[in-house]
Amino acid sequence: MSSRSDARRELRLRRRIIVTIFVGAASVLAWRAIDIQLHDREFLQNHGDARYLRVERIDANRGMILDRNGEPLAISAPIHSAWVSPDQFVQVRSQWPVLAELLGTTVAHLETQVLPRLDRKFVYLRRHLTPDESEAVHRLNLRGVGLIEENRRYYPAAEVAAHVVGFTNVDDQGQEGVELAFDQALRGEPGSRRVIKDRLGRIVEDVERLRATRPGRDVVLSIDKRIQYAAYRELKAAVQRHQARAGSMVVLDVQSGEILALVNRPSFNPNNRSDLKGEHYRNRAVTDLFEPGSTIKPFTIAAALESGRYLPESRIDTSPGYFKVGKHLIRDVRNYHQLDIVAIVVKSSNVGASKLALSLEPELLWRLFRACGFGSLTEALLPGEAYGRLNEYRNWREIEHATLAFGYGMSVTATQLARAYMAIANGGWLQPLSIVRSDVPPQRRRAMHSTTAREIRKMLERAVAHGTGHAAAVPGYSVAGKTGTVHKSTVSGYAEDRYLSLFAGMIPANRPRLVAIVVIDEPKSGGYFGGRVAAPVFASVMREATRILNIPPDQPAGEPMDEMKLMARFESARIAERRP
Amino acid sequence: MKSVITIIVAAGLAFASAVELVVYRHDSRKLFVELQDLRETKQDLDREWGQLLLEQATWGTHIRVEKVASEKLEMIAPVTRQVMELR
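Note that the protein sequences, when read in sequence, are chains A and B. Heads up: the first sequence begins at 0 in numbering that gives the first Met the number 0, then just goes up one per residue. Heads up: the second sequence begins at 0 in numbering that gives the first Met the number 0, then just goes up one per residue.
Since the hints were made in silico from the structure, they are not lab data. All figures in this text were calculated on a predicted structure; none of them were measured in a lab. Just to be clear, a hint being listed does not mean it is correct.
Per label pair, the in silico range of CB-to-CB distance [as the list claims (entries may be wrong)]:
1) A:R210 - B:R28: 22 to 28 Å
2) B:K66 - A:V324: 51 to 57 Å
3) B:M74 - A:Q254: 48 to 54 Å
4) B:D43 - A:T111: 36 to 42 Å
For lysine-lysine, the following BS3-like pairs were computed, each having C-alpha atoms within a straight-line distance of at most 27 Å [said to hold, decoys possible]:
5) B:K66 - A:K235
6) A:K235 - B:K71
7) B:K29 - B:K41
8) A:K196 - A:K120
9) B:K1 - A:K196
10) A:K346 - A:K326
11) A:K487 - A:K354
12) A:K326 - A:K523
13) A:K196 - B:K66
14) A:K323 - A:K276
15) A:K523 - A:K346
16) A:K196 - A:K346
Note that beta-carbon positions come from the ideal geometry of N, C-alpha and C, so glycine has one too.
Required output: the full structure, derived from the provided sequences and hints.
Here it is as structure tokens:
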């Protein structure tokens, strides 16, 4: 009996123990659930979301650079770059030789790229593969190797517009030229969005747009690709023909101050910069300073005319062809005896110009030079522009006063000189240059009276028709311009055998539409005079530019033909056609 | 009695709204897939357009045009004597 009741008691005890254990376990679980729900909720929620919610970056496309007629000068195109995840990539080392050969490199090179970076998750293997290469890498489908899409810039005009357009680096940031100057506008702003991704990394749902993408804006330049090309071709030919060290040319639209062409030699191909020398990508027309020499004489004459003490007919005695200022000698090529002011420009007399300048107040000369923009920026917004040098008149010594008259003792850039000539061309207004196409008339300041500008233009026309600049003549058009041949200054004074050949001109002379400057640096063969070296470049470029821009000829050229004769000719041609 | 009807109606409305939600959710998924496809198409077209622009610019390089004109088509620039002016 007792054994029976014992067994019962034991059973009850067991049951109690089991129930207690179960209840205890259940309450621990319940407590844990409450704990997680209440205390760690936020932390866990974030981690859960992180498993599938992702913030995606949406890249903004870089804007195009176009010429004034909408022809592309810089375009972005997508291209692939190869990257690896090192920890996975080392597991397939047997395949490395295959990949190395595919990318045209060596296994040793891969090792130096990957092995020191094993702790990273992303290492670039090669940026910007060719389409063939990326296709091959894709097909190889190697573990740990991936392709990402990036943008690469292409420059269809290549070396012709290289200095103006500039280039971007491998990360799509502007480095030179317009690419640098207008980087903010071109670049745009990348946007971002939150998405849900599945296990394989595919996007399943767009949750929200965090920031809208602002695509890069296109930049329309003032450059006319056709004129740019003509200028480049002629400049290149001239630099080669004369074995010159370098050369630049600037072509401006007289009314708007837009730069229609800006070229330099030597140039470079922005699509392939593997063997690029610093010397090649300097935009010489904007960054390099030189002494303008005789091309400055029209401004000296302008100052003389503005003073009211001289007329174009006023005579200056230049004999015996030289004169002394202090212990310096100022010389002409020969003795011109009596010259009127027009002839000083036409014959390019240093003595005449100096004597004129010395008879003027230094301040007057300086003010006119300043008003014509010497010693100040052109506002063309191209990177690296130099100010140039024009000392203040209060510090002038007498010899400086005398030599400034023919362009020694000051320095300018080609674009600055072009802007100053534009003031002569447009009736005496100094206006800023522009590298982008603009429809708003520019802010302008008076540089000289319009009558002065007109008289100077007439003199410059004579200088081309009968003087030093005859090689600048363009058939069918009147041309006004001035040559310059400058001794280059070196550390030990002026070099006897190193020259700069210059030509500054405008066309048509009566109502100029275009202004152009040609600079040839150190021509070594075939002469060195500006009239021989630089003026012909002006002529051949202008011949094409006038045709391209439909500028009507203002001089009779070839046989003139009236309408009646022309109709008769067409008629006879039609009759001839109808005959069997 | 009245409260029972209210509950039934409310339950019915809740059910209908739930079904609606599912339907719209589904629609939105479908539209999203479509949008994604269109985006991809746009990207492809953009890419192609860029490449065509490049191609055109390459074929139309002045150097090439000049070469073809002078060598293949035997064209020359007229000298001033050959130019007639119409006024």
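Hints, verified against the model:
Range check, R210 of chain A to R28 of chain B: about 24 Å between beta-carbon atoms, so the 22 to 28 Å window is met. Roughly 55 Å separates the CB atoms of K66 of chain B and V324 of chain A, a value that falls within the hinted 51 to 57 Å. At about 33 Å, the beta-carbon gap between M74 of chain B and Q254 of chain A misses the expected band of 48 to 54 Å. Judged by the Cβ atoms, the range 36 to 42 Å given for D43 of chain B and T111 of chain A holds: they are separated by roughly 37 Å.
A distance of roughly 17 Å separates the Cα atoms of K66 of chain B and K235 of chain A; the hinted pair therefore holds under the 27 Å criterion. The hinted pair formed by K235 of chain A and K71 of chain B meets the criterion: a straight-line CA distance of about 24 Å does not exceed 27 Å. The straight-line distance between the Cα atoms of K29 of chain B and K41 of chain B is roughly 18 Å, inside the 27 Å bound, and the hint therefore holds. Only pairs whose Cα atoms come within 27 Å are accepted, and K196 of chain A paired with K120 of chain A is accepted, the gap being roughly 19 Å.
The suggested pairing of K1 of chain B with K196 of chain A is violated, with an alpha-carbon distance near 49 Å, which exceeds 27 Å. Of the supplied pair hints, the one linking K346 of chain A and K326 of chain A holds, its CA atoms being roughly 25 Å apart against a limit of 27 Å. A distance of roughly 23 Å separates the Cα atoms of K487 of chain A and K354 of chain A; the hinted pair therefore holds under the 27 Å criterion. A hinted pair counts as satisfied when its Cα atoms are at most 27 Å apart, and K326 of chain A with K523 of chain A does not qualify at roughly 31 Å.
This hinted pair does not check out: K196 of chain A and K66 of chain B have alpha carbons roughly 54 Å apart, beyond 27 Å. With a CA separation close to 45 Å, the supplied pair K323 of chain A and K276 of chain A exceeds the 27 Å bound. This hinted pair checks out: K523 of chain A and K346 of chain A have alpha carbons roughly 24 Å apart, not beyond 27 Å. With a CA separation close to 80 Å, the supplied pair K196 of chain A and K346 of chain A exceeds the 27 Å bound.
Checked against the numbered hints given earlier, this structure breaks hints 3, 9, 12, 13, 14 and 16; the rest are met.
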